[in-house]
Every structure is written in structure tokens, then in C-alpha cells.
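Asker: Line by line, the protein sequences are chains A and B. Under the numbering used here, the first residue of the first sequence carries the number 1, and numbering increases by one thereafter. Under the numbering used here, the first residue of the second sequence carries the number 1, and numbering increases by one thereafter.
For the record, the hints were derived by calculation from the structure and aren't laboratory data. We put the CB at the ideal spot given by N, CA and C, even for glycine. Any given hint could be a false lead.
Unchecked claim - Derived Cβ-Cβ restraints for the label pairs, each shown as a range: (1) G40(B) / N58(A): 25 to 31 Å; (2) D38(A) / G63(B): 26 to 32 Å; (3) D51(B) / Y50(A): 21 to 27 Å; (4) L55(A) / V12(B): 35 to 41 Å; (5) T109(B) / E41(A): 17 to 23 Å; (6) S82(B) / K51(A): 40 to 46 Å; (7) T68(A) / D26(B): 46 to 52 Å; (8) Y50(A) / L11(B): 35 to 41 Å; (9) T86(B) / A52(A): 36 to 42 Å; (10) K100(A) / S82(B): 25 to 31 Å; (11) Y10(B) / Q14(A): 29 to 35 Å; (12) K93(A) / S82(B): 42 to 48 Å; (13) K57(B) / V84(A): 31 to 37 Å; (14) V84(A) / R107(B): 18 to 24 Å.
Said to hold, decoys possible - Short derived list, chain A residues pointing at chain B, Cβ under 8 Å: (15) G42; (16) L46; (17) A48; (18) V101.
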Amino acid sequence: GQQLNQSPQSMFIQEGEDVSMNCTSSSIFNTWLWYKQDPGEGPVLLIALYKAGELTSNGRLTAQFGITRKDSFLNISASIPSDVGIYFCAGRKGSGGYQKVTFGTGTKLQVIP
Amino acid sequence: DVKVTQSSRYLVKRTGEKVFLECVQDMDHENMFWYRQDPGLGLRLIYFSYDVKMKEKGDIPEGYSVSREKKERFSLILESASTNQTSMYLCASSPLGGKAFFGQGTRLTVV
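Could you build all of it, start to finish, from the sequences and the hints given here?
Answerer: Written out as C-alpha cells, the structure is:
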């Protein structure tokens, strides 16, 4: 089955640093989603993007829907220890009652205090 | 708040056993999904359902079946558990065309 290419696979950063991760695909999506999974929990939705070129913020998080509709980026500014977790991108396409969602392979973020 | 509840957080089963993973959502969502999560592979869709008694195969349905007799409940069944089905299983639900909400996950170990 199709998967999105997400990078980096993992990263260690110092507290206070900014973080960037991205997701690319050979397919076009009409929605991009970013989720965070805390250790031992299910993923929780952070940001949803609906239009090519859209830039959306949620606190210290900013995500962009790539202009080609084949990629998306997530930035976290001034990281803090509770940012630790696995971040997943997801692309959605289709119409009607069900819109197929494809997930990226995840970026594992570890923050060094 | 949307609540998606998976019946077990941790489960240990023997090879060959029939295993049921249950998921219940309380927001009257039409769509429900079962994923498995493995290191380096992200989330892979096993099966989904868009209505009661309706089901569709996802990307990796082999070795699994599902049941949706009521709108709020979606069950994943491992007919004969094998060690390569040791994984984290995540259930999600969403309204039509809406965002998915996940349960907390079931970590299944098959020995």
C-alpha cells in the first residue's frame, strides 16, 4: 500500500530550538493532516490543511500545505520537553462518504532539556 | 470531546488463538478504521467501515477480519493469531469527510 515519505525519521534537539519536518508523496492530496503521538497513547490531531499553499498555526506549531499538493511541512518553534513524541503526517484524497487517508512513517522527536 | 475507546491497552495471546479487539466511539461517526503501527512503518490501514455492516479492505487485510454490527462498535478479529501480528493496534473514527480521532491503542503480543 502507498505510504508517504516523511523525514527526518528521528531527531534529537536541544530545548528551545526550532524543529522542521516534512512529508512528500508522488500523489496529490486534497487535505494534509499532522498528528502527534505521545508515548503509550494514540495519535492526536494537531493541524489540518485544506488548500494548496495554506499556512496554518496552532500555538508554536506551523504547518504548510505545499503548492504542488504533494508535500507538507511542520515547524515547531522554541521546543519544550513535552514536544517529545512521534509526529505523523497524513494525506487525504477522494470524494463522497469515504476519503482515503494515507499516513507517513513518522518522525520521532526527542528534546534534550 | 470525542471519545474512542479500545477495550484493552495490553494483550498477550498464544499462536493460533482467535483474538478480538474491540473499539467503541461515542460521537455517532459513520467511519471507523483499524490500523496497525510498527516501528519504521508508520500507520498501516487494515480495514475500514463507512456504515453498519459495511466494510472495506485497507492496505494489509490478510490475516484479519472485521465486524460492524452497530454504528458505535467496530471489532477487529485475528482468526488465528501469529507472531507477525504482534503490534500496536489503533482504532479511529471520523464523521463523513471529517477528521479522524484515535483510541489509545492496544499493544498485542502473540507468543
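Asker: None of the hints should be skipped; say for each whether it holds.
Answerer: Hint-by-hint comparison with the structure:
For G40(B) and N58(A), the hinted distance range of 25 to 31 Å is satisfied, since their beta carbons lie about 27 Å from each other. Our hint of 26 to 32 Å for D38(A) and G63(B) holds, since their Cβ atoms are close to 29 Å apart. Here the CB-CB span from D51(B) to Y50(A) is close to 25 Å, well matched to the stated 21 to 27 Å. A hinted range of 35 to 41 Å for the beta carbons of L55(A) and V12(B) is inconsistent with their spacing of about 46 Å.
Judged by the Cβ atoms, the range 17 to 23 Å given for T109(B) and E41(A) holds: they are separated by roughly 18 Å. Evaluation of the 40 to 46 Å hint for S82(B) and K51(A) yields a pass: the beta carbon distance comes to about 44 Å. In this structure the supplied range 46 to 52 Å is violated for T68(A) paired with D26(B), their Cβ-Cβ distance being about 38 Å. For Y50(A) paired with L11(B), a C-beta distance near 37 Å keeps the hint of 35 to 41 Å intact.
The beta-carbon spacing between T86(B) and A52(A), approximately 40 Å, falls within the hinted interval of 36 to 42 Å. The hinted window of 25 to 31 Å between K100(A) and S82(B) holds, with their beta carbons roughly 27 Å apart. Restraint check, Y10(B) to Q14(A): a C-beta distance of roughly 34 Å satisfies the suggested window 29 to 35 Å. Look at K93(A) against S82(B): about 32 Å separates their beta carbons, and that is not inside 42 to 48 Å.
For K57(B) paired with V84(A), a C-beta distance near 35 Å keeps the hint of 31 to 37 Å intact. Roughly 19 Å separates the CB atoms of V84(A) and R107(B), a value that falls within the hinted 18 to 24 Å. Taking 8 Å as the C-beta cut-off, the interface hint given for G42(A) holds, the closest approach to chain B being about 3 Å. Hint status for L46(A) relative to chain B: violated, with the closest Cβ pair at about 11 Å, above 8 Å.
The closest approach between the C-beta of A48(A) and any C-beta of chain B is roughly 6 Å, which is under the 8 Å cut-off, so the hint is satisfied. With its C-beta approaching chain B no nearer than about 7 Å, V101(A) sits inside the 8 Å limit, and its interface hint holds.
Comparing the model with each numbered hint stated earlier shows that hints 4, 7, 12, 16 do not hold.
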